[in-house]
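Below are the chains, spelled out letter by letter.
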Amino acid sequence: MNRLSFLIAVIILVFTSCTKEDGAVPDTGMYKPTLVDPEDIFPKEFGMPLLPKDNPFTEEGIQLGRMLFYDPILSIDSSISCGSCHRQEYAFAEPLDKSFGFLGLRSSRSAMPLFNLAYHHSYFWDTRVKTLRELVFEPIQAHNEMAMTLPTLRERLKRNKRYVEYFNKAFNHEPNLHDMSLAMEQFLLSIVSKDSRFNQFFPGDNLQVLSQSELRGAFIFRGLVEFDANGKTKGADCFHCHGGELAQQLNASMGGVASNGLDPEPVDLGVGGITNQNQDMGTFKAPSLLNIAVTAPYMHDGRFKTLEEVIDHYSDGVNFENPNIHPQMAAHGGQQLNLTQQQKEDLLAFLKSMTDSSFLVNPAYANPF
Amino acid sequence: MKKYILIAALAIFITSCEPDDTDGGSGGWSSPSSEIELAFIGQIADEPLPPKGQDIYKDKSYGESMLITNWSLLMSNLALVKENGDTVQLGDGYQWADIRGTRNVFNYKGIPQGKYIGLQFTMGLDSATNHGNPQVWPSDHPLNPNLNGLHWGWAGGYIFQAFDGRYKVNETDPSGSFSFHTATMQFVTRYFLPLEISVEGSKHRIAVRINGDRFFGGAQSIKLADKSVSHSEGTDDEQLMRVFLDNSLYAFRIEEQ
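For the protein sequence lines, the chains are A and B, in the order given. Be aware that the first sequence starts at 0, since it is given in numbering that gives the first Met the number 0, and climbs by one per residue. Be aware that the second sequence starts at 0, since it is given in numbering that gives the first Met the number 0, and climbs by one per residue.
A couple of the hints might just be wrong.
[To be verified] For lysine-lysine, the following DSS-like pairs were computed, each having C-alpha atoms within a straight-line distance of at most 30 Å:
(1) 231/A <-> 81/B
(2) 231/A <-> 57/B
(3) 52/A <-> 231/A
(4) 231/A <-> 222/B
(5) 167/B <-> 233/A
(6) 57/B <-> 233/A
For the record, the hints were derived by calculation from the structure and aren't laboratory data. Just so you know, these numbers come straight off a predicted model, no measurement behind them.
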């Protein structure tokens, strides 16, 4: 081999070894992501959540995630998107006890609302998933929801010119499932509800934003259960499981996961179905009460159609014989609260003050198609 | 030129003497230091709590038995005490132990070597911190309310200790529930736990064992069938919490070093 041939061989070797890794696309100049400061997403009043360090917010990533969220091509027959069952006007819940999926099959539980997810430590009613990038694969593949297979989805995204462009813009890659999950994670993390009158009232020194009835309801919500000689209590102790500005207990041990005495014995195993531990049977994640007035029906199985029914349950219908009922609910000798009609109305009024109307129509979270 | 070389060498020497680890909080010049593993271990009747899912009722006082479902402890001023009375703060002095969960072992680096005679901490916070804006704390800080779930919301302030569970009067009876939540400034409680430890070498372990049944069985025993809940508010709750905390002074001890 003469010196010229050797030199050419070396040059070819150097150039071929410098090609992009599999999945990358040639540099088209489209990959110029715009970083989004988390402080522009999350309000100071809520504090900064613990965010995934390997998935920084970008305008392009959030936009891609939003497109994927609303795109029915993620389902096997291109009929259902995530947004079909998580509808913005209902705080990304759905007014059904169980959602309709592929071929009209029903989901096993009601669709949970989606907002302020960045503050959560686990997802789904049974807390079985710890990150949103994992979460997105469950409904996509569930046979009674979107019934998609991952190889099919990958090929479908790769053939779609729009996604070739947007994956390139967001990640400098051709469409792939890993980046799909990261983009959807960015979008889901970015959904924030913070502007209800309850949030303006919180932490309690802005009384004028609430009506007199709502204010009385606030004290019932916050009040501890203490029965007087007539068996009446001024407080209903809602705040242990639904406290704070997020109206949600995020520590599972402190009431973030609980049985609220729906049944004498667990019917749906809930968290126990995942852990197979006795004390978890029939326990579920306690949801946020923000936007609660628009997320009917209530509970994991949608058994209560109205907030009035929910309040009746906590006032008069708790099954204290449930073996896993949360101690904070049952530590008062298993006595029903027996709230008066006025107390129930005030509590209802306060719960309705937790609706963030601007969130329900915020264009940043709306269907982009 | 020699002058500049000398200055540069001096600068390098000085910057190389910065504290090599700030976790321990001792500060100052580099000196021999060690790592401390501090564990808070919940017990009933001198036996470690069984793993979650294997809970069984254990005897307490008054013929009652109990199991603990939730046990959180919020601390400040967490520090080791030297022979001369000086203290070495552990981290920034704040800690949240989820004793029934998985967050109950903490590692502190940069602990100055030497002899220590005690571990001290305050169950609770100073008033300014307790009533300050809880959202100022970073997302992974022990005082972040979205992490610990121990802030009372608009009532202001934190729960310093949450101790919940179930009890039975007789083995065949259905269980009752108990819930003791320590809060408000009047119930801030300081603990000093004596120990004798000579910190040398790379790593030491200090285990704080806490007997949950002793919260109910001290000088004034608490019969859960009579009173099983206190949230530190209201006359009855306050009296019950005072007994609970007086008893708690006998519940802590350091066993392993």
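To see whether the hints hold, each was checked on the structure:
Distance check on the hinted pair: residue 231/A and residue 81/B sit about 54 Å apart at the alpha-carbon level, beyond 30 Å; violated. Pair hint residue 231/A plus residue 57/B does not hold up; C-alpha atoms about 34 Å apart against a cutoff of 30 Å. Between residue 52/A and residue 231/A the alpha-carbon distance is near 50 Å, which puts this suggested pair outside the 30 Å criterion. For the proposed pair residue 231/A and residue 222/B, the alpha carbon gap of about 24 Å is at most 30 Å, so the pair holds.
Under the criterion of a C-alpha separation no larger than 30 Å, the hint pairing residue 167/B with residue 233/A is consistent with the structure, at around 28 Å. For the proposed pair residue 57/B and residue 233/A, the alpha carbon gap of about 35 Å is over 30 Å, so the pair is violated.
Of the numbered hints listed earlier, those contradicted by the structure are 1, 2, 3 and 6.
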